[in-house]
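J.: As you go down the protein sequences, you meet chains A and B in turn.
FYI, in our numbering the residues of the first sequence are 1 to 382.
FYI, in our numbering the residues of the second sequence are 1 to 85.
Bear in mind the hints are in silico, worked out from the structure with no lab data behind them.
Mixed in with the good hints, there may be bad ones.
To be verified - Straight-line distance between alpha carbons at most 25 Å, and here's what the computed SDA-like set of lysine to any residue pairs gives:
#, chain 1, residue 1, chain 2, residue 2
1, A, K19, B, H58
2, A, K19, B, E27
3, A, K19, B, I54
4, A, K19, B, R51
5, A, K19, B, S7
6, A, K19, B, V44
7, A, K19, A, V157
8, A, K338, A, T290
9, A, K19, B, M1
10, A, K19, B, R40
11, A, K19, B, R55
12, A, K19, B, P6
13, A, K19, B, P37
14, A, K19, B, L82
15, A, K19, B, A81
16, A, K19, B, F57
17, A, K19, B, V79
18, A, K338, A, C365
19, A, K19, B, D31
20, A, K19, B, T14
21, A, K19, B, I50
22, A, K19, B, R52
23, A, K19, B, H53
24, A, K19, B, A11
25, A, K178, A, V157
26, A, K19, B, P16
27, A, K19, B, T13
Claimed, not checked - Pairwise CB distance ranges, derived in the manner of DEER restraints:
#, chain 1, residue 1, chain 2, residue 2, range
28, B, Q71, A, T94, 51 to 57 Å
29, A, C143, B, R34, 29 to 35 Å
30, B, Q35, A, D298, 53 to 59 Å
31, B, P37, A, Q31, 28 to 34 Å
32, A, E372, B, A67, 37 to 43 Å
33, B, H10, A, E323, 28 to 34 Å
34, B, Q59, A, V157, 34 to 40 Å
Stated by the list, open to error - Computed list of chain A residues with no C-beta within reach of chain B, every gap over 10 Å:
#, residue
35, T70
36, P232
37, R294
Note that the structure is a prediction, hence the values are computed from the model and not measured.
Glycine residues also receive a C-beta, built at the ideal position from the N, C-alpha and C atoms.
Each chain, letter by letter, is given below.
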Amino acid sequence: MSALEMKQGQLVLLVATRKGAWLYHSDAARQSWRVDGPHFLGHIVNHLVLDPRDGRTLLAAAKTGHLGPTLFRSTDLGQTWQEAARPPAFGPATNGLEARAVDHTFWLAPGHADEPGVWYAGTSPQGLFRSADGGMNWAPFSCINDDAQYRQWFGTVQDGTPDGPKLHSIIVDPRDAKHLYFAMSGGGVHESHDGGLSFAPLVEGMEVVEGFDPAEISFHDPHCMRMCPSNPDRLYQQNHCGIYRLDRPGTRWLRIGRNMPKEVGDIGFNMVVHPRDDSTAWVFPMDGSTVWPRTSPDGRPAVYATHDGGETWQRQGKGMPAEQAWWTVKRQAMTADKQDSVGLYFGTTSGELWQSRDEGRQWECLARHLPEIYSVEVAYPR
Amino acid sequence: MRVLMPSALHAYTTQPWVEAEGGTVGEVFDDLERQFPGIRFRMVDEQGVIRRHIRLFHQRAMVFDLATPLQADGELLIVQALSGG
């Protein structure tokens, strides 16, 4: 935690939902919360992110049931919003490939600390975009949007998630602005060492659905990938087919989810890493058996924590319902703050917002009756 | 030409009826964009396709193409079709 964050101590939870966005302002102890919202009532807000570099710029990826996608920007914590002049949009047909249209912006990622104003966006269908002016004007980024090989790896709409195939988990290496990662559902994990001029798949060791060939990139379905802030050489990933860890410069993902309890399994959507300890990470398992109910296994929700890089996992459900709670937590809807001890937060598709102030040992419900929660992010405004 | 805007776009126009110039649907949309920046992309995607839940009517007929000519003394009605819950 920076000295400034220590001094202020107050964080804001940015909660994006299917029907708008809410901001929850905490006191220094994270005991009481002041709710601010709804913002954009009725808008489908997939992601709401504060720029950690200036502590002021807030971007919201929004659309409605009727209208096309757009982005909104605020520099006063949501008191006023300005629409992006040029939201992410694909170019005209090229390379003999079919022209595409952005259905929605799904993922927002601030750029490197040395590149103030730079943001990246991932869309559905899969596309990568960049803004150099704090999110006002966006342009297609990198070669991938209109590359014949990547188009094949994107698969079809039928291959994607129920809400459409997505590009997500855009990660900028804090040591090198030109070192980028992203993931796609479906389409695998990809890496660039040249600032996005080129990308290459990084899927070795990742499994695919039984009976399919893991050498085919389009079969890979990473759900969420995180880089450890304390060790940028360590990545964790929750995948359609298990939980993985990758230690660079290695290139082979290790399925650490094999160590999860068999009755729970290692399927889910979330991946959360500790801000200062690269051996500690959390997941929120779901039922990925039979028809993929996407609920808490057996209706008994819990977070699972590892403190040894995935060798062992511990159940953390104290405070949550003991039974008959059929929650789903989407891939952007679980996160951690930077406090000591670390606070964890998740939002459910049934509109509940939960928090733990002690790294998952005890949980309490912070809000109920919200719309379906799509993302939860922690922000430290300045 | 008088253009009726759906409630979802009143955040841009502040009123249901607006005036816009143009001999085709596309030209009227260009004039709407000039007056209300950002509004066109909410109705038409980057490939020039009218979005799925936007419906246009002119002279009591549905319009599906931006190239459709418009009668200067007519009205363009833009409505939002039903779209889930």
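J.: All hints, please: hold or fail.
T.: Verification of the supplied hints:
The hinted pair formed by K19(A) and H58(B) fails the criterion: a straight-line CA distance of about 32 Å is larger than 25 Å. Restraint check: the Cα-Cα separation between K19(A) and E27(B) comes to about 33 Å, which exceeds 25 Å; the hinted pair is violated. For the suggested pair K19(A) and I54(B), the alpha carbons sit about 20 Å apart, so the restraint of at most 25 Å is met. With a C-alpha separation of about 20 Å, the suggested pair K19(A) and R51(B) falls inside the 25 Å cut-off, and the hint holds.
The hinted pair formed by K19(A) and S7(B) meets the criterion: a straight-line CA distance of about 16 Å does not exceed 25 Å. With a CA separation close to 22 Å, the supplied pair K19(A) and V44(B) stays within the 25 Å bound. For the proposed pair K19(A) and V157(A), the alpha carbon gap of about 24 Å is at most 25 Å, so the pair holds. For the given pair, K338(A) sits about 38 Å from T290(A) by alpha-carbon distance, which is inconsistent with the 25 Å threshold.
Of the pairs offered as hints, the one joining K19(A) and M1(B) is violated, with about 34 Å between alpha carbons and a cut-off of 25 Å exceeded. At most 25 Å may separate the alpha-carbon atoms for a hinted pair to count; K19(A) and R40(B) meet this at roughly 22 Å. The suggested pairing of K19(A) with R55(B) holds, with an alpha-carbon distance near 23 Å, which does not exceed 25 Å. Restraint check for K19(A) and P6(B): satisfied, since their Cα atoms lie roughly 19 Å apart, inside the 25 Å limit.
Between K19(A) and P37(B) the CA atoms are separated by roughly 24 Å; this keeps the pair inside 25 Å, and the hint holds. Taken as a hint, the K19(A) and L82(B) pair is honoured in the structure, with Cα atoms around 16 Å apart against an allowance of 25 Å. Annotation: proposed proximity of K19(A) to A81(B) holds, straight-line Cα distance about 18 Å (limit 25 Å). Restraint check for K19(A) and F57(B): the C-alpha separation of about 29 Å exceeds 25 Å, so the hint is violated.
Restraint check for K19(A) and V79(B): the C-alpha separation of about 21 Å stays at or below 25 Å, so the hint holds. At roughly 20 Å between alpha-carbon atoms, K338(A) and C365(A) fall within 25 Å of each other, so this suggested pair holds. The hinted pair formed by K19(A) and D31(B) fails the criterion: a straight-line CA distance of about 30 Å is larger than 25 Å. About 22 Å separates the Cα atoms of K19(A) and T14(B), which keeps this hinted pair within 25 Å; it holds.
Pair hint K19(A) plus I50(B) holds up; C-alpha atoms about 23 Å apart against a cutoff of 25 Å. Taking the CA atoms of K19(A) and R52(B), the gap is about 19 Å. The hint holds against a cut of 25 Å. Under the criterion of a C-alpha separation no larger than 25 Å, the hint pairing K19(A) with H53(B) is consistent with the structure, at around 17 Å. Note on K19(A) and A11(B): the hinted pairing holds, with a Cα-Cα distance of about 17 Å set against a maximum of 25 Å.
A distance of roughly 30 Å separates the Cα atoms of K178(A) and V157(A); the hinted pair therefore is violated under the 25 Å criterion. Taking the CA atoms of K19(A) and P16(B), the gap is about 23 Å. The hint holds against a cut of 25 Å. At roughly 22 Å between alpha-carbon atoms, K19(A) and T13(B) fall within 25 Å of each other, so this suggested pair holds. For the hinted restraint 51 to 57 Å between Q71(B) and T94(A), the CB-CB distance of approximately 37 Å leaves it violated.
Judged by the Cβ atoms, the range 29 to 35 Å given for C143(A) and R34(B) holds: they are separated by roughly 33 Å. Between Q35(B) and D298(A) the CB atoms are about 57 Å apart, so this pair conforms to the stated range of 53 to 59 Å. Under the hint 28 to 34 Å, the C-beta atoms of P37(B) and Q31(A), about 44 Å apart, miss the expected range. For E372(A) paired with A67(B), a C-beta distance near 39 Å keeps the hint of 37 to 43 Å intact.
H10(B) and E323(A) have their C-beta atoms about 47 Å apart, which leaves the hinted 28 to 34 Å range violated. For Q59(B) and V157(A), the Cβ-Cβ distance of about 35 Å falls inside the hinted range of 34 to 40 Å, so the restraint holds. Against chain B, the non-interface label of T70(A) is violated: not every CB pair exceeds 10 Å, the least being about 7 Å. Distance check on P232(A): its Cβ is at least 35 Å (rounded) from any Cβ of chain B, clearing the 10 Å threshold; non-interface status holds.
For R294(A), the shortest C-beta to C-beta distance to chain B comes to about 19 Å, beyond the 10 Å cut-off, and the non-interface label holds.
Against the hints set out earlier in the document, violations occur for numbers 1, 2, 8, 9, 16, 19, 25, 28, 31, 33 and 35.
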